[in-house]
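**Q** Residue numbers (my numbering), protein chains in the order written: chain P, 109 to 643; chain C, 18 to 136.
Hints listed in this document are in silico derivations from the structure and should not be mistaken for laboratory results. Even glycine gets a Cβ: it sits at the ideal position worked out from N, Cα and C. Among the hints, a few may not be true.
Claimed, not checked - List time: in silico BS3-like cross-link candidates among lysine-lysine, alpha-carbon distance up to 30 Å:
1) P/K121 <-> C/K62
2) P/K423 <-> C/K114
3) P/K481 <-> C/K62
4) P/K566 <-> P/K631
5) C/K118 <-> P/K417
6) C/K62 <-> P/K236
Claimed, not checked - Output of the computed footprint for chain P on chain C, the stretches with three or more beta carbons under 8 Å from beta carbons of chain P:
7) 37-51
8) 54-64
9) 120-126
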Amino acid sequence: MARTTVVSFDNWKNFHDHEQGPVSKFMMTELSDDIMSNTLDLYKDAAAEIQRLLLETHESGERFRAFGAAWSLSSLPYQKDRMHFNEAMNLRWAIRNNWHDPETAYPDSQLFLFQCGNTIKEVSALMKRLGKSLPITGESNGQTIAGAISTGVHGSAIDQGGVQDSVVGLNLIIGPNPEDVVYVERASQPALSTAFSQLIGARHIRDDEIFNAALVGLGAFGFIHGVVLKSVDMFHLQRYTKDMDREEALQLAETLDFSNTTLIEEHGHGTRPYFFMFYINPYRKKGEEFVAEMMFKVPKPGLEESVTKPIPRVKSFRFKELTTLLSWYATNINVGLTSLLGLLQQGIFPKDDNDGEIGTVAEHFWDSSYQGKVLAVSFGLAQQDIRQAIGILTDLMRTEGPIPALAGIRFVKGGEATMGFTRFEQTCIMEFAGVPWKGSKHIIPQNEFIQRLHDRLKAADIPFTHHWGKMSHWAADDLVNYMYGERLNRWKEARYTLLPAAFREVFTSEYLDMLGLSGPPSKDGGDDDAPAAIA
Amino acid sequence: MTPFMLFVLVWFMVPVDYSFTVTSRDGVGEKDPTNLSEDELRGMKVNVIDTVLHLKATDEIPLFIQDCGEVGFYRVQVSQTLSGFVLHTLSLGRKRKVNVKYVCIKPSQDIAVPWLGQQ
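All chains should be built: construct the whole structure from the sequences, respecting the hints.
**A** As structure tokens, this is what we get:
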């Protein structure tokens, strides 16, 4: 039988050291070490243990929140009653086509089933053994697969979606009864047969609305026990950096049209990169603000070829105290802060020393380590708004700052998740990252800075969303309604359709209460307060 | 300043802890979410060897035998301190202070490619 141990916390912190609060029951489940003839029996045994914990939580009148690597900078993984750490639940399988639905469009050997606690690194490792890969990951690989999709982890592959867009099926546990183990996939894109659902002991559900809502479910659609992922054939990317003029950069950001551009001579004129993003230091003089990082698809290097690989033999780290010092300096002195941001730039901007290095997705976006408290705020925007929005952000960083942060732009193809923050057809992600700071007579408080940014974007009629796993002024009035409009009600309706009534309260949290996400859908199905800016 | 005072001053001024860490490129470390240490072992299930070895003049490098499953070590951090170095010197090599922290590879079930439904 799978084992769960319980501890309590006076003040739980996430991986990046942001204090969250006390936790009365902090639970950790490990797979059974009993001898079982089939690893699927271990999977079903773990499901039974989760159902036991859910029943216990319900009977105690408490709430339950699962989490994995705790990488989210927001309070999304936190719940004061019961938190469940599931990273040790890491079974995984490749799926042969005998489990495919006859109507499926997915080819053989492309689909995998991962239990919730597999990290992105573990996902990539299994795929590699079959010559497969994820199309893209986030900047690093430590998130669990369930956590990554629940918050919408993305990279900057311009023609690909986020990690959640590789999901074709979800195995959810929504209560303690046999029918509460469900496998959900889109009716419009069937993948696996009912025989597969029976194999994993789940009730088969085909429903686009429920699947798209549960895909970025924020922990409110039950316990994500398993995720069916589609893969692509393994490929290699060659990486470069390049200083870029602001106007040229913004034209590319607005159009992603590379037909008249030579980014890197070796890759020819008009070549579209696979990965593309900008780093921006608005405190540098004009012409030196933008640095582009790009990657091109290339053939696998031959054994005789001498190529630079992305993973170094020795990796050095800056003193973590530097970030604390920078935060203190920004708050208490601030004079000449822009000069000190060079330190930050060294840590955030890509280095050109290794231009030309070649590796797989898993090699380029490899391990990262704890680096102390960090700040990261990401906005999802429609592509046509990026010029105006980045103008607003950099203007505020200069006029209200300097703040201890630098900016960036990434590009992600829009996804189908109802509450995915990459919901725009071609989503531009505008972000600023650095160290968190407090307000003082020398500097505007962090949340006030974000509020002013919200106000300016709203005044310019620019629709936006926020990365669920990063920071924001989440308590801002009506934020989620502005970001998602009628999608919010559709998400709630799907949640109320899927979850047993008695367990809706179990799968929520104070954070979701604050965001207005835990209540019922409105009866008319409408969204009375949706602002005009919603696209 | 007496030689003793100079010794004490040097003791505190010389960086007393120089450590290095070796990590697996492709492995994943075993996790412990209750470990909130502020270093590169944060969030990991850390095992510690902290002891002073008493060696005979004929003993070679000691071998510590630890249980890390079948797949091995994910990360090993070796710390050398000035006090350990002094102890080793003053004892003419008979005493050796050992401070090692290590993390095992996260357990997993698959050795070959696991196909779904395979017995």
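**Q** It remains to establish, for every hint, whether it holds in the given structure.
**A** Now for the hints, and whether the structure bears them out:
no., hint, in the structure
1, P/K121 <-> C/K62, "holds (16 Å)"
2, P/K423 <-> C/K114, "holds (27 Å)"
3, P/K481 <-> C/K62, "holds (21 Å)"
4, P/K566 <-> P/K631, "holds (28 Å)"
5, C/K118 <-> P/K417, "holds (29 Å)"
6, C/K62 <-> P/K236, "holds (26 Å)"
7, 37-51, "holds (count 7)"
8, 54-64, "holds (count 5)"
9, 120-126, "holds (count 4)"
Consistency note: the structure conflicts with none of the earlier hints.
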